[in-house]
Amino acid sequence: MSNPHTVELPSYKEQSPEVARHFAEIRERPVKLEIKNLCKTFQNANGSVNVLNDVSLKVHRREFVSVIGPSGCGKSTLIRILAGLEDATSGSFLLDGDQPHGPGADRGMVFQSYTLFPWLTVKKNVMFGLEVAERSQQAAEAEAREWIDLVGLTKFADAYPRQLSGGMKQRVAIARALANQPSILFMDEPFGALDAQTRAQMQSHLLQIWRNVDITVLFVTHDLEEAIYLSDRILVLKAHPGEVLEFVEVPVSRPRSPQQFLQPEFLATKQRLEELIHPRRDIEEEALPITRMTNVGDEAE
Amino acid sequence: MNKPVSTGSARRPWLAIRKDLTPHRQLFLTVCSFLLPLAIWCLFSYTPFIWHPDMKLEISADRENVTVVYTAGDHVSKEFFPTIVSEVQAENVQILANREAGIEPSGSSSRIRRANQKILRHIATFAVEKGWLPRNDRENDQAIYEIWKAVATDKIPDAKRRLTNENLAIIERNWDLLSTRSDVFNSRLLPETPLEKLVPQGKAANPVYLPDPHEVLLQGWSLFTADLADDETSMSDRYFHSLRIVFFGFFLSCLIGIPIGILCGAYDFFSKLFEPFIDFFRYMPAPAFSTLLVAVFLAHDAPKIALVFVGTFFQMVLVVSNTTRLLDESLLEAAQTLGAKNLSLLRRVIIPGILPNLYNDMRILLGWSWTWLVIAELIGVKSGLTEFIETQGRWRNFDAVFPIIILIGITGFLTDQFLSTCRSYLFPWTPESAEKKRGPIGRFFAWVINRDVYVSPK
Numbered sequence: 001m002s003n004p005h006t007v008e009l010p011s012y013k014e015q016s017p018e019v020a021r022h023f024a025e026i027r028e029r030p031v032k033l034e035i036k037n038l039c040k041t042f043q044n045a046n047g048s049v050n051v052l053n054d055v056s057l058k059v060h061r062r063e064f065v066s067v068i069g070p071s072g073c074g075k076s077t078l079i080r081i082l083a084g085l086e087d088a089t090s091g092s093f094l095l096d097g098d099q100p101h102g103p104g105a106d107r108g109m110v111f112q113s114y115t116l117f118p119w120l121t122v123k124k125n126v127m128f129g130l131e132v133a134e135r136s137q138q139a140a141e142a143e144a145r146e147w148i149d150l151v152g153l154t155k156f157a158d159a160y161p162r163q164l165s166g167g168m169k170q171r172v173a174i175a176r177a178l179a180n181q182p183s184i185l186f187m188d189e190p191f192g193a194l195d196a197q198t199r200a201q202m203q204s205h206l207l208q209i210w211r212n213v214d215i216t217v218l219f220v221t222h223d224l225e226e227a228i229y230l231s232d233r234i235l236v237l238k239a240h241p242g243e244v245l246e247f248v249e250v251p252v253s254r255p256r257s258p259q260q261f262l263q264p265e266f267l268a269t270k271q272r273l274e275e276l277i278h279p280r281r282d283i284e285e286e287a288l289p290i291t292r293m294t295n296v297g298d299e300a301e
Numbered sequence: 001m002n003k004p005v006s007t008g009s010a011r012r013p014w015l016a017i018r019k020d021l022t023p024h025r026q027l028f029l030t031v032c033s034f035l036l037p038l039a040i041w042c043l044f045s046y047t048p049f050i051w052h053p054d055m056k057l058e059i060s061a062d063r064e065n066v067t068v069v070y071t072a073g074d075h076v077s078k079e080f081f082p083t084i085v086s087e088v089q090a091e092n093v094q095i096l097a098n099r100e101a102g103i104e105p106s107g108s109s110s111r112i113r114r115a116n117q118k119i120l121r122h123i124a125t126f127a128v129e130k131g132w133l134p135r136n137d138r139e140n141d142q143a144i145y146e147i148w149k150a151v152a153t154d155k156i157p158d159a160k161r162r163l164t165n166e167n168l169a170i171i172e173r174n175w176d177l178l179s180t181r182s183d184v185f186n187s188r189l190l191p192e193t194p195l196e197k198l199v200p201q202g203k204a205a206n207p208v209y210l211p212d213p214h215e216v217l218l219q220g221w222s223l224f225t226a227d228l229a230d231d232e233t234s235m236s237d238r239y240f241h242s243l244r245i246v247f248f249g250f251f252l253s254c255l256i257g258i259p260i261g262i263l264c265g266a267y268d269f270f271s272k273l274f275e276p277f278i279d280f281f282r283y284m285p286a287p288a289f290s291t292l293l294v295a296v297f298l299a300h301d302a303p304k305i306a307l308v309f310v311g312t313f314f315q316m317v318l319v320v321s322n323t324t325r326l327l328d329e330s331l332l333e334a335a336q337t338l339g340a341k342n343l344s345l346l347r348r349v350i351i352p353g354i355l356p357n358l359y360n361d362m363r364i365l366l367g368w369s370w371t372w373l374v375i376a377e378l379i380g381v382k383s384g385l386t387e388f389i390e391t392q393g394r395w396r397n398f399d400a401v402f403p404i405i406i407l408i409g410i411t412g413f414l415t416d417q418f419l420s421t422c423r424s425y426l427f428p429w430t431p432e433s434a435e436k437k438r439g440p441i442g443r444f445f446a447w448v449i450n451r452d453v454y455v456s457p458k
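One line per chain: the protein sequences are G and R, in this order. Residues 1 to 301 (this note's numbering) are what the first sequence spells out, left to right. Residues 1 to 458 (this note's numbering) are what the second sequence spells out, left to right.
Derived by calculation from the structure, the hints in this document are not laboratory data. Hints should not be assumed to be uniformly reliable.
Once the Cα atoms are required to be at most 25 Å apart in a straight line, the calculated BS3-like pairs of lysine-lysine come out as [said to hold, decoys possible]: (1) 118(R) / 155(R); (2) 149(R) / 130(R); (3) 118(R) / 19(R); (4) 118(R) / 124(G); (5) 203(R) / 130(R); (6) 341(R) / 123(G).
All chains should be built: construct the whole structure from the sequences, respecting the hints.
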């Protein structure tokens, strides 16, 4: 069936020479995170649920990797295992070649629910990790100020979290995680609770920060456009059990900008992700058994 | 025509589900919530036809051959009162009849004079109450004699209104007898024929356990201002003694209970080690241990403090551990990803995180310890406010009991209000404190506790 409004998209695997060079460059960098055959099984009343099954991947230094998948695919579980907040049932992962035990300052984490300490001011929140590491008060404060400046919250340094908007809170959370200078930053749907406008703003903020800071990011989201806009590669998981469907290399060139949302490469990638996450049969619209309750001739569509 | 829409509180309904009233209305209702019970109390006390099942005797008299003696101030039931009156009236009739008939009274003349002296004194309490006689002259026979004279010769304008005609007539007849003997009091010159007795007079009153508000107020005032003999404990000493027991017991229980509670909430190890037993122990009522505590800690204050401790400690551990567990787990996770472990997690996240809720818990538990105080003060050597309540209650002096009960209530209430006001300054980051407006004192206090003020700028 031909539709006059659809356009022919290129394959998402086609990469411009510039993008191909970028990926070649990434592959040459040292491996930051290596996940080997990671499995996670939860025990519940109905028996055991296999949440993650044999997940393996490699993330290189300063790479931006997104994890997407339908709900229940274990993307949050994956990131929580990596952060040390949960234990894997089997398999292992290496960070800079070492196996970390439990949560630690080497792996920063930004949660969807902000998780700022409400009793500390913005500055004190950012200083938290530095104070735990027993840095001197002056050094910690100076460093915290730099990070607060970096996320553009200089004016709010002495405000309490409750006085901030959602977007500002998340910026503080990012600054707090980065102030610790972790070798990798995990972000678990960090912009999920924000409204569309703030979310777009935060995405470009995050890109700017990532460009200027030596940091590897593993970013969990359910928003396909967000994943394409931000990442170098996208890990697509399937649900029940959570397994790797594909590790997509994003063919959109860097530096990224919101204008690229309409580029053929962008749309092609998005189409591919949609196919992977929502297979055709799910999209078939089922007619709802609704009785017509409006007047004849009062058409909405 | 469209009516102009009026804004403001005038059109807003008083009753609206889950809608806040204006601050003025809130204040008004708060005042009412205190005035309403007070108004009901006043209504019952000062409106004779609402309840008043008793007669409070203002003038009383001994009855011959009856052992139960009522004195002025006693309560008798309304049904019984006419019986006393008619008995005394009958005696008076007999006295007059004997006097008419010229029958010589039995007994020696000195005995009759003493009996007459007693009859004269029956007016004393009434006269003091009406302000005719100074309180100190209650037993001064000269002064009492003057009262009889004054009433009989119409020197007291009030008397006609206050006394029944029957009693006025009796006083006049008696004074006729008295004045022929002597114009001033002289125990030797009292009549040697029996005088008529004053007929009991009373007013409708509530039972003795419901004193009038003004009686309670006056009694309360005199309790705290009265001069005392050296061996008596002044009311303020009693008050501070009670306060000391409450706060000392509560403080001890905080000192041990809070750390254990926090450990139980933070570590499953401590929770499983302590909580099951504590959960079991708290069902054993603290007063059940009172004799044991006296045996262990001997008399005086130690067992009392121990009782307040036993009463609050076990609840405290459970409440605190529960509060600790309520702390948002994601804050702990976030702190862990920032490098915090065991002790720094406890010190930097758990304790500051639960502090506002812990503060509220302590407010509630402090209220509990006041409850235990009353029982604590009765064990071993009775002491403090409760001893006073107990003894006065036994003598049925309920007008002295009420001020003390109210005092305990006010102390608890004011302490709690004070702590609740402090809360917003201690925890400026909580949402509740953000909504509160601060006065000049509050702003000053906030400035004092703001540590940044003392840190010199770089």
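Hint check:
1. The straight-line distance between the Cα atoms of residue 118(R) and residue 155(R) is roughly 23 Å, inside the 25 Å bound, and the hint therefore holds.
2. As the CA atoms of residue 149(R) and residue 130(R) are separated by approximately 16 Å, the hinted pair is consistent with the 25 Å bound.
3. A distance of roughly 69 Å separates the Cα atoms of residue 118(R) and residue 19(R); the hinted pair therefore is violated under the 25 Å criterion.
4. Pair hint residue 118(R) plus residue 124(G) does not hold up; C-alpha atoms about 85 Å apart against a cutoff of 25 Å.
5. At most 25 Å may separate the alpha-carbon atoms for a hinted pair to count; residue 203(R) and residue 130(R) meet this at roughly 14 Å.
6. The hinted pair formed by residue 341(R) and residue 123(G) meets the criterion: a straight-line CA distance of about 21 Å does not exceed 25 Å.
The structure does not agree with the numbered hints 3 and 4 stated previously, though it agrees with the rest.
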